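Trainee: The chain contents come next:
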Amino acid sequence: MTGTHIILEDKLEHVLARLSREYDRVIVPQKTRNGVAFKEYHGDYSKVTLDYIRTINNPVLYIKPAEITLYTYTIPEGIMLKEPIKAFNIDYEIPRIRQVLFAIHPCDAHAIRYLDIALTGKGVVDPYYKAMRDNTVIIVLECNKSDEYCFCESLGTHETPEDTADIKLAKTEKGILAKPLSDTGERIIKELLSDIIVEYDGEWPKPKPGNKIKIPEWKLKLLEKGEPVDKASAEKYVEKCVLCETCTNLCPTCFCSDIVHVPIGINKFKAVKRKASCQSRYYSMIAVEKVLLERKELRFKWRILHKYAFSKRMYGIYGCVGCGRCTALCPSKISIVEFINKEIEG
Amino acid sequence: MQTVRNPYIPKPAHIESIRYETIDIRTYTLHLSEPIEFTPGQFVEVLVPGLGEIPISIASSPLVRNRIEITVQRRGMVTTGIFNMGVGGILGIRGPYGKGVPLKEIKDKNIVIIATGIGIAAWRSLILYILERRNEFKDVTVIYGTRYPEDLIYRYEYDYWSSKINLIVTLSRPPETWKGYKGRVTKYIDKVKIDEETLFFVCGSPVVMASVAKELISRGVKPDKILVSLERHMKCGMGLCARCMIKPGYFVCRDGPVFTLSQVKEEILGEL
Numbered sequence: 000m001t002g003t004h005i006i007l008e009d010k011l012e013h014v015l016a017r018l019s020r021e022y023d024r025v026i027v028p029q030k031t032r033n034g035v036a037f038k039e040y041h042g043d044y045s046k047v048t049l050d051y052i053r054t055i056n057n058p059v060l061y062i063k064p065a066e067i068t069l070y071t072y073t074i075p076e077g078i079m080l081k082e083p084i085k086a087f088n089i090d091y092e093i094p095r096i097r098q099v100l101f102a103i104h105p106c107d108a109h110a111i112r113y114l115d116i117a118l119t120g121k122g123v124v125d126p127y128y129k130a131m132r133d134n135t136v137i138i139v140l141e142c143n144k145s146d147e148y149c150f151c152e153s154l155g156t157h158e159t160p161e162d163t164a165d166i167k168l169a170k171t172e173k174g175i176l177a178k179p180l181s182d183t184g185e186r187i188i189k190e191l192l193s194d195i196i197v198e199y200d201g202e203w204p205k206p207k208p209g210n211k212i213k214i215p216e217w218k219l220k221l222l223e224k225g226e227p228v229d230k231a232s233a234e235k236y237v238e239k240c241v242l243c244e245t246c247t248n249l250c251p252t253c254f255c256s257d258i259v260h261v262p263i264g265i266n267k268f269k270a271v272k273r274k275a276s277c278q279s280r281y282y283s284m285i286a287v288e289k290v291l292l293e294r295k296e297l298r299f300k301w302r303i304l305h306k307y308a309f310s311k312r313m314y315g316i317y318g319c320v321g322c323g324r325c326t327a328l329c330p331s332k333i334s335i336v337e338f339i340n341k342e343i344e345g
Numbered sequence: 000m001q002t003v004r005n006p007y008i009p010k011p012a013h014i015e016s017i018r019y020e021t022i023d024i025r026t027y028t029l030h031l032s033e034p035i036e037f038t039p040g041q042f043v044e045v046l047v048p049g050l051g052e053i054p055i056s057i058a059s060s061p062l063v064r065n066r067i068e069i070t071v072q073r074r075g076m077v078t079t080g081i082f083n084m085g086v087g088g089i090l091g092i093r094g095p096y097g098k099g100v101p102l103k104e105i106k107d108k109n110i111v112i113i114a115t116g117i118g119i120a121a122w123r124s125l126i127l128y129i130l131e132r133r134n135e136f137k138d139v140t141v142i143y144g145t146r147y148p149e150d151l152i153y154r155y156e157y158d159y160w161s162s163k164i165n166l167i168v169t170l171s172r173p174p175e176t177w178k179g180y181k182g183r184v185t186k187y188i189d190k191v192k193i194d195e196e197t198l199f200f201v202c203g204s205p206v207v208m209a210s211v212a213k214e215l216i217s218r219g220v221k222p223d224k225i226l227v228s229l230e231r232h233m234k235c236g237m238g239l240c241a242r243c244m245i246k247p248g249y250f251v252c253r254d255g256p257v258f259t260l261s262q263v264k265e266e267i268l269g270e271l
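Protein chains in written order, with numbering that gives the first Met the number 0: chain L, 0 to 345; chain D, 0 to 271.
Just so you know, the hints here were simulated from the structure itself, not pulled from any lab data. Being a predicted model, the structure only gives us computed values, none of them experimental. Treat the hints with care, since some could be wrong.
Computed list of lysine-lysine pairs in DSBU-like fashion (alpha-carbon distance at most 35 angstroms, straight line) [to be verified]:
(1) D:K246 with L:K341
(2) L:K207 with L:K289
(3) L:K311 with D:K246
(4) L:K311 with D:K98
(5) D:K264 with L:K224
(6) D:K264 with L:K235
Here are a few chain L residues that sit away from chain D, every Cβ distance over 10 angstroms (derived from the structure) [claimed, not checked]:
(7) D115
(8) D125
(9) K213
(10) W217
(11) E244
(12) P330
Pairwise CB distance ranges, derived in the manner of DEER restraints [claimed, not checked]:
(13) D:I193 with L:K332: 52 to 62 angstroms
(14) D:R66 with L:N266: 23 to 33 angstroms
(15) L:N266 with D:R18: 28 to 38 angstroms
(16) D:N5 with L:E185: 30 to 40 angstroms
(17) L:D162 with D:D23: 49 to 59 angstroms
(18) D:P34 with L:P64: 28 to 38 angstroms
(19) D:E33 with L:K224: 38 to 48 angstroms
(20) D:G182 with L:M284: 23 to 33 angstroms
Beta carbons: idealized from backbone N, C-alpha and C, even for Gly.
Excised from the complex, chain L in its bound form (with noise of 0.2 angstroms):
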């Protein structure tokens, strides 16, 4: 690998062009009218901005798509018939698009990594998510600043992931620090940003995100018992839940999803695989019409316990990355960090 390099700020519109011209889609952070969001580069620097603490939407979206249309197929005319049918007139498409996203924070490249090994990496290897991914490269933004919140640091989600980053990037007085950290990013930083970044040999400045709010270690291992989760009382904060499924929505880890078929012409349909969220009434529906999560406190207690001693067992890391979308964008504003920090005890 290479060493560290400095891109100068300005010739980032001149990296975005470059990317834009060698990639099918470049992801970047734009202004938009409601904050700051992810949204396809189309060569508009003016909305570009890498200050930012939190989008609105989460780049995830870009790799799994909350709806994704596993295949189309036709039924033949009336579903009677005579004689047996060898095949059905299945069809589907994996989609590759070679895309970049470009400065996602490190807790985002994080939820990345998790989703990596509950879609790829235990048994059964979901294929939509792979031909996606395999084509993505990804370029963290080392994040200095966080608002009441973040809690990237009590999960240590605030420093890059450096098995599932290609590059990463540091913001400094200098100019924007730079390092490879795959073979695709070093191949980006050598053959396409040559001639715009100059070398540094200075020390890799440490992230300091400095949380307003905090998890401790100790309620993290409780947490990851799972047991004290079930027992804390949720109630006064659930209360004012309006079960919208933002959080869910937003949240960059979650990944429980629903298959339904969807008509689209006379005799044809699609097989679509839809995010579900576990904060609805259907998500634990089950066949005599019992639901499982009947109350609002119990459906935000699985989504807690979900994220921490379900995601630990299973695939040995926290499925929370401490982004703080879930409270930030919730219209009720429900702190999950409030409710563990106050409620979860030994």
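Given the structure of chain L, go ahead and fit chain D onto it with the hints provided.
Mentor: Showing chain D alone in chain L's frame:
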């Protein structure tokens, strides 16, 4: 082009015959386009074209590979879709999925199967396997209960079953003309000789499973000798959709649907 195996794609299967078990339960024999290998307790995802997929236990013998039987109760949209199909109708099959009964480990043991209602469908595959390999097992007892006689399924097979194994069919609300056993399934647990190596297979509604498990534990049966078959709304069957998580670390589709009671004790007994 399609070189990577796509686990989401179902294989066609056509309905070869239909048996009417009760007013809302039918057993379908499906002729598969590709033979599958499975063990009792595993399930398949059945696609009804245009309506969707549901997980259903395989109810036929694991020794037959190109035909499977599924027993379906009409409940929602997809099961109604299956009911609307006749012989020759086309379904899609994905699977088998889940962990079934470890057939090698249950050899030379006493087996007790306790089920109610359509729950017997989850263990019919095991029963048929035992009937075909009867000499590999010691005492085998099936305790099966429903409310009314018209709710009993697989009635046409009881003579065959009871010729080789001990079968107790009991009704909790029997009509006056009923001459067989009466009462709930838990009443007949005492009829079975319980030793340390006896394995119990339980399936039924959550409340039934809880009360059976409680009765067995009170008789000194160890929780890891009790196997239960759980039901959740499994969407993908492969552990990729995370819908069927029952507690930290367990997916019903990948780690079940057959669990030992020691694995899911709180989930089962919590129903009482």
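Trainee: A separate judgement is required for each hint: does it hold in the structure or not?
Mentor: For each hint, the structure was consulted:
1. A hinted pair counts as satisfied when its Cα atoms are at most 35 angstroms apart, and D:K246 with L:K341 qualifies at roughly 23 angstroms.
2. Between L:K207 and L:K289, the direct Cα distance comes to roughly 48 angstroms. Violation of the 35 angstroms bound is thereby established for this hinted pair.
3. For a cut-off of 35 angstroms, the pair hint linking L:K311 to D:K246 stands: about 12 angstroms separates their Cα positions.
4. Between L:K311 and D:K98 the alpha-carbon distance is near 22 angstroms, which keeps this suggested pair within the 35 angstroms criterion.
5. Taken as a hint, the D:K264 and L:K224 pair is honoured in the structure, with Cα atoms around 16 angstroms apart against an allowance of 35 angstroms.
6. For a cut-off of 35 angstroms, the pair hint linking D:K264 to L:K235 stands: about 29 angstroms separates their Cα positions.
7. With a least beta-carbon separation of about 13 angstroms from chain D, L:D115 lies farther than 10 angstroms from that chain, consistent with its non-interface assignment.
8. With a least CB separation of 5 angstroms from chain D, L:D125 falls inside the 10 angstroms interface cut-off, contrary to its annotation.
9. Every C-beta of chain D lies more than 10 angstroms from that of L:K213, the closest at about 23 angstroms, which supports listing it as non-interface.
10. Every CB of chain D lies more than 10 angstroms from the CB of L:W217, the least distance being 18 angstroms, so the non-interface label holds.
11. Non-interface call for L:E244 relative to chain D: holds, since the shortest CB-CB distance, roughly 15 angstroms, exceeds 10 angstroms.
12. Every CB of chain D is more than 10 angstroms from the CB of L:P330 (nearest about 25 angstroms), matching its label as outside the interface.
13. Hint check: D:I193 to L:K332, Cβ distance near 56 angstroms, so the stated range 52 to 62 angstroms holds.
14. At about 27 angstroms, the beta-carbon gap between D:R66 and L:N266 stays in the expected band of 23 to 33 angstroms.
15. Judged by the Cβ atoms, the range 28 to 38 angstroms given for L:N266 and D:R18 holds: they are separated by roughly 29 angstroms.
16. At roughly 32 angstroms, the beta carbons of D:N5 and L:E185 sit within the given window of 30 to 40 angstroms.
17. Here the CB-CB span from L:D162 to D:D23 is close to 53 angstroms, well matched to the stated 49 to 59 angstroms.
18. For the pair D:P34 and L:P64, the beta carbons lie near 35 angstroms from each other, so the given range of 28 to 38 angstroms is met.
19. At about 44 angstroms, the CB distance of D:E33 to L:K224 agrees with the hint of 38 to 48 angstroms.
20. Roughly 32 angstroms separates the CB atoms of D:G182 and L:M284, a value that falls within the hinted 23 to 33 angstroms.
The structure is inconsistent with the numbered hints 2 and 8, although it conforms to all the rest.
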